[in-house]
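Following the hints, position chains B, C and D against chain A.
Going down the list, the protein sequences come from chains A, B, C and D.
At position 136 of the first sequence the residue is numbered 135 (numbering that gives the first Met the number 0), and the sequence of numbers has no breaks.
At position 101 of the second sequence the residue is numbered 100 (numbering that gives the first Met the number 0), and the sequence of numbers has no breaks.
At position 89 of the third sequence the residue is numbered 88 (numbering that gives the first Met the number 0), and the sequence of numbers has no breaks.
At position 208 of the fourth sequence the residue is numbered 207 (numbering that gives the first Met the number 0), and the sequence of numbers has no breaks.
Keep in mind the hints are simulated off the structure, nothing from the lab.
Careful, some of the hints might be misleading.
Same chains, same names: a pair is fine if it fits in one copy or spans any two.
Said to hold, decoys possible - Distance condition first, Cα-Cα at most 16 Å in a straight line; then the derived EDC-like pairs of lysine to aspartate or glutamate:
hint	residue 1	residue 2
1	K234	D146
2	K249	D203
3	K136	E273
4	K332	E192
5	K234	E267
6	K249	E267
7	K134	E273
8	K16	D40
9	K52	D64
10	K332	E190
11	K16	E30
12	K316	E337
This is what each chain is made of:
Protein chains: 4
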Amino acid sequence: MDKKLTVGIVGTGRIGKVHTMSIMNQLPQVEIKAVTDIFLDQAREWAAQSGIKTVYNDYKELIADPEIDAVLVCSSTDTHAEIAIAAANAGKHVFCEKPVDLSVEKVEAVIAAAEKAGVKLQIGFNRRFDHNFRKVKELIDNGTIGDLQILKITSRDPSPPPIEYVKVSGGIFMDMTIHDFDMARFLTGSEAEEIYVAAACMVDPAIGEAGDVDTALITIRFKNGAICVIDNSRKAAYGYDQRVEAFGAKGKVEITNDYPSTAVWSTETGVYSEKPLYFFLERYMDSFAEEMKQFVNALISGTDTPVTGFDGLQPIKLGLAARKSVAEGRPVKLSEVE
Amino acid sequence: MDKKLTVGIVGTGRIGKVHTMSIMNQLPQVEIKAVTDIFLDQAREWAAQSGIKTVYNDYKELIADPEIDAVLVCSSTDTHAEIAIAAANAGKHVFCEKPVDLSVEKVEAVIAAAEKAGVKLQIGFNRRFDHNFRKVKELIDNGTIGDLQILKITSRDPSPPPIEYVKVSGGIFMDMTIHDFDMARFLTGSEAEEIYVAAACMVDPAIGEAGDVDTALITIRFKNGAICVIDNSRKAAYGYDQRVEAFGAKGKVEITNDYPSTAVWSTETGVYSEKPLYFFLERYMDSFAEEMKQFVNALISGTDTPVTGFDGLQPIKLGLAARKSVAEGRPVKLSEVE
Amino acid sequence: MDKKLTVGIVGTGRIGKVHTMSIMNQLPQVEIKAVTDIFLDQAREWAAQSGIKTVYNDYKELIADPEIDAVLVCSSTDTHAEIAIAAANAGKHVFCEKPVDLSVEKVEAVIAAAEKAGVKLQIGFNRRFDHNFRKVKELIDNGTIGDLQILKITSRDPSPPPIEYVKVSGGIFMDMTIHDFDMARFLTGSEAEEIYVAAACMVDPAIGEAGDVDTALITIRFKNGAICVIDNSRKAAYGYDQRVEAFGAKGKVEITNDYPSTAVWSTETGVYSEKPLYFFLERYMDSFAEEMKQFVNALISGTDTPVTGFDGLQPIKLGLAARKSVAEGRPVKLSEVE
Amino acid sequence: MDKKLTVGIVGTGRIGKVHTMSIMNQLPQVEIKAVTDIFLDQAREWAAQSGIKTVYNDYKELIADPEIDAVLVCSSTDTHAEIAIAAANAGKHVFCEKPVDLSVEKVEAVIAAAEKAGVKLQIGFNRRFDHNFRKVKELIDNGTIGDLQILKITSRDPSPPPIEYVKVSGGIFMDMTIHDFDMARFLTGSEAEEIYVAAACMVDPAIGEAGDVDTALITIRFKNGAICVIDNSRKAAYGYDQRVEAFGAKGKVEITNDYPSTAVWSTETGVYSEKPLYFFLERYMDSFAEEMKQFVNALISGTDTPVTGFDGLQPIKLGLAARKSVAEGRPVKLSEVE
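Here chain A stands alone, though its shape is the one from the complex:
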């Protein structure tokens, strides 16, 4: 490639910074030309620190830049759809963080805009690119464990987000389980048919007062027959807990967490080992870089992105159905929210 691919990043919060660093450190064929953020000072500070030349006043300026080939949408969830659509309309390829939006209609609008403009769209479900989950996928796909029958996903955070975030995030199913919904689709290779949720507020009453739950057992039936259970908690005392077990006609595969070291030490009082890597930045850093590599590769080679707009849409429906299941205390078909 003679010319570098040029990207602009909208949003210089935590995840925007992660993508900046992945590109700078591992994607020499990409240039980050410009950033912007509704907190302009923060954008300016980050640009100065990381050597990005241009800071635009708003996302509209950024997508108006004719040199920019692709836009990374890393702003707050409520602005994703608007920016992604505008970027697509301006002919930019779009990488959009998850969830695309809390409404099915808006996500569909993003997909439609990208299709109409003929630009690539990738959704930020980074866990698909993690070494552990990839290995599970490989062992399912190559037939090692036979037809998938039971899928168990454990996904627990080390501590709940601020209550203010809970109030606007769309709740646990939209801001946390969304990743697990995607993982369930990814690993089963199928679409959900029905969902049932047993949930409660066990971690912090303030979460319940904000109208959300913090602990959930989620059963999903997939069209190919597989049954999946996801267990979520907003607070695991021992840290970030991200595991999967896939059970099939010919066997099972389990993945555990990643740890700071493999050390096991034994004393008079017991046998000890390390707690898991603390949170998603520590645990999934490599997967963020890998998803960006594959996004860039899709743009350069003209192939499909590995996580499509449709992949961004389906988990939203699962989130809506999960909420309905909690509200009505019964299994809910996906068709009820479509």
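Quick look at chains B, C and D alone, frame taken from chain A:
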């Protein structure tokens, strides 16, 4: 103790033999005076082989023997209640295999008979006495993991039973999950309120034709707030799979399977270890001995048995509710089957 | 078998009791007719407790009993040879605890006596019958790891024996490493050629004052080319540590310890698991039963015993060479002590 | 820091490239101004590919560049000393790959040159910066396992180097064990007193013909009393094997390998997991970056480098003593080679 405790065993099939050997090898204070079985030849052969002096023609003769202090009911499930009630009425202490019976009424009748007669009654939920499950119980009870929030039980058999057995056993929830229902009650220390089952026939169509399922994900809400998921399969290609994970406000505890050895070997083609101990006789042999010890101890010391008639009753209700959930595709309250 | 095999046990200390229980619980074809011990009260108490009918005043009376087919020599080490020789001369099969004796000449005399009398002789190297070590042996013998190149044996006790015992036991190489010497021979399937020991007194100065070491790294070259390292400590703070790693041309196999349960628990302060089974009685109980079964089987079937007199002799030579290596600070050839 | 630190790299082989990438990706405060290599084409290609502006014709030109603050010596071992001394004399800080040289005198000359010039010198013992080894060091240093008594280091390569390399590398003790010698010093925090090696040629006869061994068990006594055993093999069929166990008065700590994923899969034929990360580039990539960070940090902050010239010297002495032990079949004191 000057005088030995004298027991009679009704049923000399697999489990009757297990109890015989536990007593002979590890309970010198107990004498097995007599056995019987509807297959009398089998009873005679076993008695000869194991040095038991008397073989009665039927259970009625056995419970009429005034020297017998306690009766172990190890016959087929459909005869448990009749024999247990008769034994209690004759003033014998009763150890009854699980499930006591498939009907709530009959189990209640057994409990009532034992209460009226003032005899001890213990139900054969041996897994409570297993080293791994006991450790989980200990760590829950001593507060190490805090208030229990999520309980996950994996229980998979190496291969399905004969179809003829499936037809009369009461189905997967009565003959297999019954142990997991008991374990869930044991570990939560609470009673179930509601159950939801996502199940299917994935292992063998003949099981479906017999009106049963062979794969199930079972969600149970307990009165103390804990949520439990049990996953069952009639056939795990790699063998008997018996694990628990208990997650609470302060941490979690996990137990894995037991293995023939701790060996791990590594070659050019990969890293290998042993499959789990094959089936329940290999896996739970020590727990069978321990439950018998504690039964005998309760008789000798006059204390309560560790697994009561009520403990035998509740899993039956859970089994009935589970069936109803499958049939009606909805969560079922325990009160609906009481 | 119509007639039971009849045995007498000389020595009713810890190991004599272990063998009594193995036979009573698992070898119905064997009758323990008589016991004796230099502490006669102890022998009488044990006989009463375990239902053994006869207590002889000394080992000579016991071996004079014409009904006794085999004698288990479980007395203190300094009496092994005398009793074993007398028993063999009386035509009794002999099971002798390890070490047979601290002198090569006496062990050879025991072997000669058994050969002359045409009786079976088995030495009590029970670890060969342990599930973990057996698996290592199997994977070496079936070629899984290829030709053995490096063998690493870890053998550490939870705490040192009383100083009085250290003074008479022959020292660490004779009372503790003796098992590891046997294991090295068993696993390599070869004889030692040269030994080098780096040792020190690190655990308790009193052990040094008694003329012994308590910590040792022992290198052994075997005739088939394999190199072996044994590391010993009289005191592992976390308990009994018994592991092996065998490395060969095609791979390796490692075994770890056995544990009271498979539980792993995680809290805010870390991840925990159980310490190993405390000491040899907990860890090796099954292997004691297995060695006794195979001894009895050899007697009944007329086959060779699985641990011969020669197997009892070689570790003694290794122990003597190890002592010499410590004293002289150099590698010592086995031929120097033969 | 206003001005960037400027470095030049001598040698653009494998390790030179690793350091280039570490600096480019993770050390924005450092500029790589120039490279050189005796294979100039290779240096030019790498410079073009990685955006390095200058390629000098030889190391003398490079160290003559007044803008260069520090030189990374990544050339072949036989040239390390000459280049490092020249760089020091030119007032450049020096990072020198291991082994510095195969002769004690030359290493001492490098140390003297750096001292005289007042420049920093760091030796490339990267494993000290690895997450696993660091954790062992931490648990030793903070007293968790008490005074160190036994240290066991396993270090096995996936396959032997080319015979041509073996002939010039100084042999296994200089090119492979050198890392383990450093690790033993690092973890014990002490200096070696005596070494004994049991070694042989088991992997490839050609290695023996080249005058080297390929399998070794190395015992080292340290001045603080700790005893260490290193086991080396040029060929582990299952891949790169890098483990440590440290045993002390209060406990032990063990580290295992790193793996591509945490997946464990179970089928009818067994239980499987991944082989270790293939070789040192995969296994130690993070540690190479970390050592470079700490080198740069020492230059910027004016503090001591974490791995000094003396740390480069001592393993050479151990290597020489190891060779002598093999040749003479006896323990060799370090003082014999000083």
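Q) From the Cα coordinates, with 16 Å as the cut-off, is the pair K249 and E267 best called within, between, both, or neither? A) between (42 Å within a copy, 7 Å between copies)
Within, between, both or neither: how does the pair K136, E273 come out at a Cα-Cα threshold of 16 Å? between (27 Å within a copy, 15 Å between copies)
- Query: Is it within a copy, between copies, both, or neither that the alpha carbon of K52 lies no farther than 16 Å from that of D64?
  - Reply: Within one copy only: 13 Å inside, 31 Å across.
K234 and E267: within-copy, between-copy, both or neither at 16 Å Cα: So K234 and E267 pass the 16 Å test across copies only (11 Å; inside, 30 Å).
Check K332 against E192 for me: Cα-Cα at most 16 Å, and say if that holds within a copy, between copies, both or neither.
within (6 Å within a copy, 24 Å between copies)
Can you give me the call for K16 and E30, within, between, both or neither, at a CA distance of at most 16 Å? within (14 Å within a copy, 23 Å between copies)
Using 16 Å as the alpha carbon limit, work out where K332 and E190 are close: within a copy, between copies, both or neither. Answer is within; shortest intra-copy Cα gap is 12 Å, inter-copy 29 Å.
For K134 vs E273, is the C-alpha pair at or below 16 Å within one copy, between two copies, both, or neither? between (23 Å within a copy, 10 Å between copies)
Under a CA distance limit of 16 Å, which applies to K316 and E337: within one copy, between copies, both, or neither? Classified as within; 7 Å inside a copy, 37 Å across copies.
query: Is it within, between, both, or neither for K249 and D203, if the alpha carbons may be no more than 16 Å apart?
result: between (41 Å within a copy, 13 Å between copies)
- Task: Pop the pair K16 and D40 into one bin, within, between, both or neither, using alpha-carbon distances up to 16 Å.
- Result: within (14 Å within a copy, 38 Å between copies)
Self-check item: Intra/inter-copy verdict for K234 and D146 if alpha-carbon distance must be at most 16 Å
Solution: Between copies only: 13 Å across chains, 33 Å inside a chain, cut-off 16 Å.
Checked against the numbered hints given earlier, the structure satisfies every one of them.
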